[in-house]
Structure formats: C-alpha cells, structure tokens
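A.B. asks: Okay, here's what each chain looks like letter by letter:
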Amino acid sequence: MTMVADRPEWLEEAAVATPEFEKAAERAASRRGFLLSLPAYAYLVLFFAVPLGIVMIYSFATRNRFGGTDLSGWNLDAYRKLGEPIVRDILFRSLWLAILTTLICLVVAYPFAYFIATRTPLVRNLMLVFVMIPFWTNFLVRNYAWRVLLGNDGLFTNISEALGLGERELLFTTSAVVIGLVYGFLPFMVLPLYASIERIDLSLVEASRDLYASGFQTFRRVLLPLSMPGVIAGSILVFVPSLGAYVTPEILGGAKTTLLGSYIVTQFLTARNWPVGASLSFVLMAVMLVATLVYFRTGGRNL
Amino acid sequence: MSSTVQPRGTTKIALTAHSWLVYLFFFAPIFVLIVFSFSDDRNVGRWGGFTLEWYQDFVEHSQLQNAVWVSVRVALLSTVISVVLGTLAALALERFKFRGRKVFDALLYLPIIIPDVTMAVMMLLFFAEFFDILESVFGWDAQKGLGSITISHIAFNISFVSVVVRARLAGMSEVLEEAALDLYATRWKTFRYVTFPQIVPGVAGGALLALTLSLDDVVITQFAAGPGATTLPVFVFGLIRRGVTPLINATSVLMLAASVILVALSLAFQQFSGRGGRPSLRAARQAVSAPSTTNTQIKEGINQ
Chain L
0 MTMVADRPEW
10 LEEAAVATPE
20 FEKAAERAAS
30 RRGFLLSLPA
40 YAYLVLFFAV
50 PLGIVMIYSF
60 ATRNRFGGTD
70 LSGWNLDAYR
80 KLGEPIVRDI
90 LFRSLWLAIL
100 TTLICLVVAY
110 PFAYFIATRT
120 PLVRNLMLVF
130 VMIPFWTNFL
140 VRNYAWRVLL
150 GNDGLFTNIS
160 EALGLGEREL
170 LFTTSAVVIG
180 LVYGFLPFMV
190 LPLYASIERI
200 DLSLVEASRD
210 LYASGFQTFR
220 RVLLPLSMPG
230 VIAGSILVFV
240 PSLGAYVTPE
250 ILGGAKTTLL
260 GSYIVTQFLT
270 ARNWPVGASL
280 SFVLMAVMLV
290 ATLVYFRTGG
300 RNL
Chain X
0 MSSTVQPRGT
10 TKIALTAHSW
20 LVYLFFFAPI
30 FVLIVFSFSD
40 DRNVGRWGGF
50 TLEWYQDFVE
60 HSQLQNAVWV
70 SVRVALLSTV
80 ISVVLGTLAA
90 LALERFKFRG
100 RKVFDALLYL
110 PIIIPDVTMA
120 VMMLLFFAEF
130 FDILESVFGW
140 DAQKGLGSIT
150 ISHIAFNISF
160 VSVVVRARLA
170 GMSEVLEEAA
180 LDLYATRWKT
190 FRYVTFPQIV
200 PGVAGGALLA
210 LTLSLDDVVI
220 TQFAAGPGAT
230 TLPVFVFGLI
240 RRGVTPLINA
250 TSVLMLAASV
260 ILVALSLAFQ
270 QFSGRGGRPS
280 LRAARQAVSA
290 PSTTNTQIKE
300 GINQ
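Protein chains in written order, with numbering that gives the first Met the number 0: chain L, 0 to 302; chain X, 0 to 303.
Hints listed in this document are in silico derivations from the structure and should not be mistaken for laboratory results. For clarity, every value in this text was computed on a predicted model and none was experimentally measured. It is possible that part of the hints are untrue.
Selected chain X positions facing chain L (Cβ under 10 Å, derived; list incomplete) [said to hold, decoys possible]: (1) 76; (2) 79; (3) 168.
Below, a list of computed lysine to any residue pairs in the SDA-like style, where the Cα atoms sit at most 20 Å apart [stated by the list, open to error]: (4) X:101 with L:295; (5) X:96 with L:84; (6) X:96 with X:186; (7) L:255 with L:24; (8) X:101 with L:255.
Not close to chain L: a few residues of chain X, all C-beta gaps over 12 Å, as computed [unchecked claim]: (9) 39; (10) 71; (11) 135; (12) 137.
By construction, the Cβ of each residue, glycine as well, lies at the ideal position given by its N, Cα and C atoms.
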C-alpha cells in the first residue's frame, strides 16, 4: 500500500487510465483483424467448408435404384461397404504401394540429401535448383514422360531388348505405377531431408569418427537420430499424396492395379454410387489429417 | 568443413555416382520427351528425322487452343483473387488477435493437406447441389465451366498464397510499422509504404505458386469442369488415356517450358528479395513525411 502512495502523481494517473484504454485498443485491433480475414474466411466457408459438409452428408446417404442418391434416412451402409473384399483389396493395395514408394524415396533420397548438404554453398544451391525444377514441373507431363519411356516401342523397351533382357513390358504394371510415384514425389523427400541434415552440427559426425565409430555406426547413432524430423516430414509428404494418387495410376497402371483414387473417381463417374465414393474420400481425408497431426507433433513446422 | 565430415574414398565415389544417377532419373525422361517431340515418326519412341510438324499440329488444333485459353484465363483470374484474399488473411493472422482466429487458421490449412481426390469430390457434389438451388430459387440454369473451375482453384490457392505471405511476415519485425503509426501515418499509408514494400517478394512468390498450381491441376479441375470448358491439363489427360501420340509430346513439351519459365521467375524473385529484403527506412520515412490531417494531403502523400 505504501508503494502505491510513493508513486509520483503522473504515474498514478497513467496506471488508472491504462486498463480501459488498452481494452479498447485491443477490441479495435480484434475488429480490424476479423475484418481483414473476413473475405477469405467467408470464401473458404462457402466454397470449402460447405462442400466438405455436403460430402459428409452424402457418405451417410443411400444409393437408390436409379443411380441417384437419397439423402433421407442416414445410415452407415457406405462405410460398411469398405469391409467388402473388393474395396478392402483396393485399400490394402493402395496402402502397400504408398508404403513401398515412401521407402524407396527414403533410401534413394537420404544419401543424395547428405551429399548435397556437405557440398560448398555454391554447389549446394546449384544442386538444389536442379531438384526444384522437377519439383515445379507439371505433374501430368512428368508422368506422361514415363509413359513414353516405358511404352511398347519406347526407349526403355528397346534398350532392354538390345541388352538381351528380352521384351519387358513394364507399362500398365504395378512396377510402372511405383516408378511414376517415386519419380513424382522424390523431391518431396529430398527437400525436408536436406533441410534437417543441413542443420545438424557436423562436428558431431567428426567427434563420432574420432572416437572410432565406423561410418555405419556414425550414420546409425548420430546422423539418423538427428535427422529424424526430416525423415518423418519427408515420409509423410510422400506417403500422403501416394495414397490418394489418381493421375499416376491412371496413366501408368493397368486395369489390375486399381488404386483408391481411381476407385473413388469411378464411384462418381461410372458406377454412380456416390455414398460409397463420399465415404471413401472421407476415410482418405482422415488418414491425411492423422498424418498431418503427427507431422506437426514432431516439429515439422520448423522445417 | 573438416575432413571426416566430407565423405572420402569409396564412400565419396559411391555418393557422387548416386547423385548423378538421381539427376539422370530426374531429367532423362524429360530429355527423351523433348527429343522425341521433334521426331518425324508417328511411332513415339522411334527417331525419324527432325520436324516441327507436331508443334504445327498443336497450333492448328482448335480444341487444344481453346483449352489453352481457358487455362490461362482461369490461372490469371484465380491467381489475382487468391493473392488479394490470401494476403489479407496472412496479415490478419500474423498481425492481429481476433475471435475465431484459431478456426480460421485451421480452415486455411485444410485445402493444403486435403487429398486432391477428396477436394475434387467436394467440388462435384457442391456444384451439383449449388446449381440445383440456383435453379429452384432463381430459375437460373447454371452450367459447370469457366466459373466453377475458377471458384475451385481459388479455394485451394488462397491457402498456398497465405502460407507464403505469412512466412514473409513472420520473419519481419513489427518495429517499422509501429514507428509509422506512432508518427501519425494512417493505417492505409503504413500498409502502403511500410508493410507492402517489405512483403512484395512473398506476395510475388505466392502469386507464382498459385499460377503454377492452377496451371497444373488435373483432378479437381476435372470434377469442376463442364461441357462448356476444360483446361489444357484436363484435355491432355483425356488424350493420354486414349494413347500416346506425337501431338501430346509436343503439347507436353510446351507445358514443360511454361513450368520452367515460372520456376526461373520464382528463383529470380528469391534472389531479388535476398538482396533487397532489408526493411527500408526510407519507406517508413515516406509514409510519415506528410502528417495526414486532410484528404488532400493524404492524396499527395500517396502520389509522391
């Protein structure tokens, strides 16, 4: 109490005036922020949140005999259908291909990213630019390039024939789809891996070697644990789009390799079973959401 | 950098060889595609001498030309609108606390992480319902086409633009803005002369990203497009499914060239912002040079 009395008069006045003044300023700032966000907010609610809600409603609806959809009488039939052998096979196949793609990308990208991270800054930037170019290049065109390469009289087939490996038809097989997916998403693995390896204090690697760790031990015990955020981020960035891939399997895959993305599209365009398509795309989104939460939990935001 | 960090001996050779192989993997298919787009042979993959015939075909193909124009119009329109909305959103999220901020933040992230196929399905069902309502309420028989494609592209581009601009804003100190406001600059002038010049590289980067994404998209566009109009990638996707032709090769190479130009532009902008990225004190001074007491003075201040 005595402290307050000892304050000079001008400070006393300021202390009395401040809370209300601050509250008013805060309210004004809050209003301004809201108004600034309003156009984008309204747009996303109308053209994103509402469509998402419609998909949810459709996933609980029933397909009627005419190929239309009855919105009344919600039920879980569409979700129950996910357990049927056909859909289950497609789900597992998509999952398996996505995991395979992620593993291949990881194995290919890790040494590559480490090599870039240990170059001089000039070389490093140059190497990164040449990773960015395919990263930014039209995805459709990149898949099409493999279609040309792997095709019936494509270069790949010609070379394998010339080498005496026999006529290997890769196009329209699962291998072709995996090649296309790896080709499409490899930069997504390289860039976060590079970002996390580049950040490691490499004197730790030196210390480990000084203490007679072998190259493999150093990798296993020092580099890999320290670059784990990059490994996780890259894996999610590759796994997530691979799981929902539509363009690559359509161009490079065959009838036997129907994946989740193509199956969903078929439900809407030809099979006209909208509830099943809606429920599958909802499941797909749920997987992405979980993966993204993991990504943020592991500090992916800092990459 | 020390010698034990730098790979040596066989490890070094292996790593170098591996890197070259990765680059070969990246660029060989593109290179082959470019070479064979000039090949005078209907069989794609067999060299039949140099020709520009397929590029000629591309120019004369009226449907392709139509698709190109739809693509360009959609890309430009959606980029402009999403840059404005995305930048406003970024400013609101980085500079203000307001009610509903967290929900807005989450909503803004969703279009980035949502799978293409899910978003495509969303657009298909949304426009089906939306056009039903339009017809029953206003009697307006709307069709999917340019408008619906643009609407769906804006819906994902806002998020990408705002992420890029936010990254720029987050790395920027608020001191200059506060100084301008303290010196009686209006909010608008502070934005115009202090904030905006500093976030230009971010806005440009966001715009280029939006342009690229809009020009590349196949899945979402396919579901938002109608009989009235399709974009180039969707049209080409349809052609590819029917088989490989030299015409598609030529078209692909042209799309490739467009992407490379956009990459070059964005790299150039990064360089530019790297050098000119320091917040300029001159801009701050300019903003507060004329205390804006009257409207005419504000106008003078803006016109200088």
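A.B. asks: Hint by hint, which ones does this structure get wrong, listed from lowest number up?
C.D. replies: 1, 2, 3, 5, 7, 8
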